[in-house]
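*Asks:* Sequence:
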Amino acid sequence: MPRPLPVVARALPVRDLLGKLSTERRHALGRQRHPTGRALSLRRDDQQLTDSLPGTAVREVKEETGLDVEITGLVGTYTDPRHVIAYSDGEVRRQFNVCFTARMVGGQLAISDESTELRFVQPEEMDQLPMHHTQRLRIRHFLEHRERPYLG
110 MPRPLPVVAR
120 ALPVRDLLGK
130 LSTERRHALG
140 RQRHPTGRAL
150 SLRRDDQQLT
160 DSLPGTAVRE
170 VKEETGLDVE
180 ITGLVGTYTD
190 PRHVIAYSDG
200 EVRRQFNVCF
210 TARMVGGQLA
220 ISDESTELRF
230 VQPEEMDQLP
240 MHHTQRLRIR
250 HFLEHRERPY
260 LG
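The sequence shown maps to residues 110 to 261 in this note's numbering.
Worth flagging that the hints you see were computed from the coordinates, not collected in a lab.
Among these hints, one or two may not hold up.
Listed below are the simulated EDC-like cross-link pairs for lysine to aspartate or glutamate, each with C-alpha atoms no more than 20 angstroms apart in a straight line [as the list claims (entries may be wrong)]:
{"no.": "1", "residue 1": "Lys171", "residue 2": "Asp189"}
{"no.": "2", "residue 1": "Lys171", "residue 2": "Glu223"}
{"no.": "3", "residue 1": "Lys171", "residue 2": "Asp222"}
{"no.": "4", "residue 1": "Lys171", "residue 2": "Glu226"}
When you get a sec, could you build the whole thing from the sequences and use the hints?
*Replies:* Here it is in structure tokens:
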């Protein structure tokens, strides 16, 4: 296996006005090798070197979901050297993820060319959705309303 490239990414649980969480099914996840296959996930993107982390979150959510959001906090940082993502095209990644909280302030949900599905779901429905365990951990931490961000 090729040596993994470290990649900074961020995840963003966004709630609608009724408290449902946003999820997406990405085209890119179709190339990812993990047991859940084409899994649903939190909205996430790689950071460009010229962006701030919160700026990346706001910009990418708008570009890829049509929603305007405001960053409201930090769920935590997530790293696991054992979590290596190998894609069928040969790319291998080891991610460092920063998970923010945000609230929707405008826009309308619209699928971009990077996603095949976007929707809001009730928090209770999350356990029934096909999702990688690392995504579930971030969602659990978000729903716990922790006083301090998770550092791991």
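*Asks:* Quick check: which numbered hints come out false for this structure?
*Replies:* 1
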